[in-house]
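Listed below are the residues making up each chain.
4 protein chains.
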Amino acid sequence: MVVVMRNDATETDILRVVRRVEDASGDAYVVRGTSRTIIGLVGDTAAFLSLPLASLPGVDHVVQVGKPYKLVARELHPALTTVQIGGAPVGRAGFAMIAGPCAVEAREQALVSARAAKEAGATLLRGGAYKPRTSPYAFQGLARDGLAILAECREETGLPIVTEVMEARDVEHVAEVADALQIGTRNMQNFALLKEVGRARRPVVLKRGLSATVEEWIMAAEHIAQQGNSDIVLCERGIRTFEPSTRNTLDLAGMVVAQQETHLPVIVDPSHATGRRDLVPAMARAALAAGADGVMVDVHPSPTEALCDGPQALTPDELIGLTAELAALARALGRPVSRPRPERAAATEDELREAALLR
Amino acid sequence: MVVVMRNDATETDILRVVRRVEDASGDAYVVRGTSRTIIGLVGDTAAFLSLPLASLPGVDHVVQVGKPYKLVARELHPALTTVQIGGAPVGRAGFAMIAGPCAVEAREQALVSARAAKEAGATLLRGGAYKPRTSPYAFQGLARDGLAILAECREETGLPIVTEVMEARDVEHVAEVADALQIGTRNMQNFALLKEVGRARRPVVLKRGLSATVEEWIMAAEHIAQQGNSDIVLCERGIRTFEPSTRNTLDLAGMVVAQQETHLPVIVDPSHATGRRDLVPAMARAALAAGADGVMVDVHPSPTEALCDGPQALTPDELIGLTAELAALARALGRPVSRPRPERAAATEDELREAALLR
Amino acid sequence: MVVVMRNDATETDILRVVRRVEDASGDAYVVRGTSRTIIGLVGDTAAFLSLPLASLPGVDHVVQVGKPYKLVARELHPALTTVQIGGAPVGRAGFAMIAGPCAVEAREQALVSARAAKEAGATLLRGGAYKPRTSPYAFQGLARDGLAILAECREETGLPIVTEVMEARDVEHVAEVADALQIGTRNMQNFALLKEVGRARRPVVLKRGLSATVEEWIMAAEHIAQQGNSDIVLCERGIRTFEPSTRNTLDLAGMVVAQQETHLPVIVDPSHATGRRDLVPAMARAALAAGADGVMVDVHPSPTEALCDGPQALTPDELIGLTAELAALARALGRPVSRPRPERAAATEDELREAALLR
Amino acid sequence: MVVVMRNDATETDILRVVRRVEDASGDAYVVRGTSRTIIGLVGDTAAFLSLPLASLPGVDHVVQVGKPYKLVARELHPALTTVQIGGAPVGRAGFAMIAGPCAVEAREQALVSARAAKEAGATLLRGGAYKPRTSPYAFQGLARDGLAILAECREETGLPIVTEVMEARDVEHVAEVADALQIGTRNMQNFALLKEVGRARRPVVLKRGLSATVEEWIMAAEHIAQQGNSDIVLCERGIRTFEPSTRNTLDLAGMVVAQQETHLPVIVDPSHATGRRDLVPAMARAALAAGADGVMVDVHPSPTEALCDGPQALTPDELIGLTAELAALARALGRPVSRPRPERAAATEDELREAALLR
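Protein chains in written order, with this note's numbering: chain E, 1 to 359; chain P, 1 to 359; chain G, 1 to 359; chain L, 1 to 359.
Treat the hints with care, since some could be wrong.
[To be verified] Quick list of in silico lysine-lysine cross-link-like pairs, BS3-like style, CA-CA up to 27 Å:
1) E/K195 - E/K70
2) P/K195 - E/K195
3) E/K67 - G/K67
4) P/K70 - P/K195
Don't read these hints as lab results, they were simulated from the structure.
Looking at chain E on its own, in the form it has when it is part of the complex:
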């Protein structure tokens, strides 16, 4: 960190900064310029962040130089993490396809979607039982009934389940069914929820907040990791900008930056990023070509009847077409595609229960 002093800062002001840094076990180097003095801080950036440096008398502003994250930082942990979700790996080793309905609306709709995901070669099933909706008058999800349907989908298809949890007190019972807990974009800085999933024994899929910087997104992962859970998959899903032709603006460069900065896998959700079915295939291909560790795609047996985000859902046929296209592209890029574990494909209810107990 660098502390930039005002040009009317006194010697006392400068010494005060130095003392505070030294009290926090850091070293402070004073550089006296013609118009301003700057003070270089050497030590633990995270520790300096808790000092009120910017408010000290004579300080103009503080520039962060080091990174504020530790546990998830690639700089400190160069080995890349592969997260196992119910046996399906997500990581740099293979490109993961996660597919499923945005929301679980009914048993039949979910099962048809799950079968489509399976047939398309997806290794993980997504689907929301709890749905955050801007309007209180829109469909809010089936809650526990939805979880039961998801469990049935897993039994039939063998695909592990990624599903959203919206509040801290739901974590326990959602984790009983889910193979991975998804934190939605609106909850990326719901710190109570982050803490709770950090204590759960389930991998977490952490979506980037609608207007979160990459650094804030990584800091949210740090909140989770700090509780002991480092099985985190980051998911870029578009940020809010002034452009109205798409629902959000997909930030693929931000995805790559997150890969550089952390040892965590980073996937892309082209469905929520664009909100438009016609743009999903192009953005899924782009994500793969940019080096993403996977994509998460909405599918619906009948998008025109979907209760949630129908305009962005692919039909089962479109999903199968997209997966084939991505597989060919992955080959050209020298990137393997994650495959479902063969034994999993025929998992029995008993095996699943046992697996759940062992976790």
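Put chains P, G and L on the given structure of chain E with help from the hints.
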């Protein structure tokens, strides 16, 4: 709402839309243009929002014309709401000054701040016991101990307390102490929390989300109102933009729009909007001149030692100066300033307990 | 400036940076941290900006500490500038009211607007003869005919004229008529145009770019000043954000920052900032209360017939009402309102010609 | 277009709208709702845009339904345009690689870069002789000398030249050397310049404005086309958002939308979009995978010495590596890569002069 059809939409596509609208008890008027057909929907906008219109075959896009909110809409409830927080009114009738420390850090710091707020003529005390922080390494608040300190501040000064609640399961015990429950910017779409405060018997101060449109902000208030609690104060606190010289960009025009669209009081937080002490007075004056129903300002006995947001806190003397300045301005604008209830100034612990029981 | 080295930077990399800085007559102070080395640069920030520091081997990134502007910087020129536009002062000494039609559409429309501006007590007349329009199918302005009409308006009312110039080769003939040359938001970084108005003997009203940071806006003024013309009035007119309820988001805090950073007057255009007539008075009051040096407001005798930006224009009566309101507010704030020079009110064509020759 | 009336609009207000539309040769269909009336407009959207509908009494707001562009609209001109730049095609038929230095700094630097572009298989050479720079203290380009160097590069390599023109009065002499005229991001709405290049007999590469919506970008192309020049290549180069880790945010979905909406080729500039060399290859691959018609990449023989944008320039070796990678990816996508015309590779000065005369 208006449904805009694609230029290759068939007659069947058009009829399908009409039928869906009529099934939802709406009326659909078809306007056939030279290149496109549009369908005007007449009826309940909120009901139409739950239809999958945008996904129906042949539909290009859907334009929302009516407003998606009802309970908080001024159009439907023209009488303006004055929210009583522990006896202090917030509404169009008088300009409210809410002041206090960003975070409760210690008994002495909170008491000195509370006395400053009182002396400056504030009618409400703000202060955070639970603090959402981007970094897990930063001060996270004193939690229940902080609430106890806030209660002591109220006893001494008579000022009712506005304090943040960060998760649904905390609402009950925070509401035991708080006169108003604050929802922070990061939780504006934490729907579980909105639901819970909607069921609580305490007024709510709802901060605008960092990147929430005015409409989304009002919809968050609708979520609360739908649970039975309409004692909601909206608080504009700056939005995220590309401009780096201030922490956020204060959207005063958005504040006025929220006043036009709802019957709720709307206040402004110039401290969090700018993040800079030197800009707080100018933005507080601007908020008053633009017609805000109050301001909420950070104060700290020693900003240079603050554990949270020190650079934006006024000193007690600066707060007193600002309040005097605002009072003079309010007179020129023909706007009364809210005054503390005289009897409240000397409220005893017994009275407060009794008041709490009666609520 | 501070150069932050990568953690794998070599001693050679560090020395290379030091040498480049010293070659540019600067001093470089090396601070060796545990994980990274930073180098503090002391000297002329503007000179360092032209060095390719960020591209040197081993450099992670460069942090700007000093300000990149000089001629317009308040730090270097503490005396505040009052810009005289055709005899009417714009500066900290008095709050200036500039009013007029967005576009000059016809002789009668312009004259009625000009008289309204005069009657309302405005000291300057705005009006566009050249109009930048997003659509080539929209009204593009009357060009030279519009300038002639503006000159006629000045003759009748005595109000000096502020009018936009859109390209470098028009500067000369626009300057023959205009008392101040306006640079529109889309041209804030049209450097050829900035250079040309920098050489003209007319004050410049420089609007902030739609998505320009305050620093970029000030740098655009520096481009003008560098050519010898320091008679620059900065004009905040709203920035582009995600919020759709207003045309742009008025950044009043950015206006105050521009006042702190430069010695130039800064005014506000609430009409273009909001695009909504109903919000103009509240934002004009807010601008005055925040300390702006003036406002520039659209007026139209019949906004419903306006060829350009009708929804944001006040009627003559509304303008007179607003001006009275602002005058009362200014008194309460202890801020004088600029008054037209009495002799100017009856200026003859001869006097004007003479004045033009003398400039 | 749809006109939404206020809920207190009178019958007279409604009839007034209908009359204005009919006067503009349109048809107006009135749909009377329970709370509001809406009026559907059938006819020429561009014509309606010049009506002051939003300002008419009783009108709440106007919703645009049709597209405001005509000449460049794919809906009206379904055949895709391939733009020939000095013999090198840019269009859907082949993926074009445009490379070269951001700025022409010196003869040697430009020649080395041009040879690298040639060797890498690029079909077009980019390079700026006129440079728009935020700071007046930064390198501003070599102007006419730079153009002469570019001509020499073309003679040696046979690569046609794309170079920026910054003001209307430069168009003529820049067009004497340039094979394509580039309009930079800051000039996207410099309408005088758009008009001038619209009259020139050279193709135009139109960069998207820093904060331009896709629709505004297309409208800028419409301004050019309206003057008779439809040889326009659109270039996505990142938009301004709140994210600080990259210079801009690359909007690949916006690129695809521009391809859907217009018949023009759309390319991507990953160098300016990210400002970071390490992100250029990933974003170039993503652009190709998303369906872009080409990329434009900065190359510099010694990026650490570059006078402009060094941190984003590839070295010649990196460029050659990237091109090979893109060629392999293009094959997998079934997309041919544009090849230089064989005869062009060895073009003599005479041939070039002749070609110039024939154009």
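Worksheet entry | Ascending list of hint numbers which this structure does not respect | none
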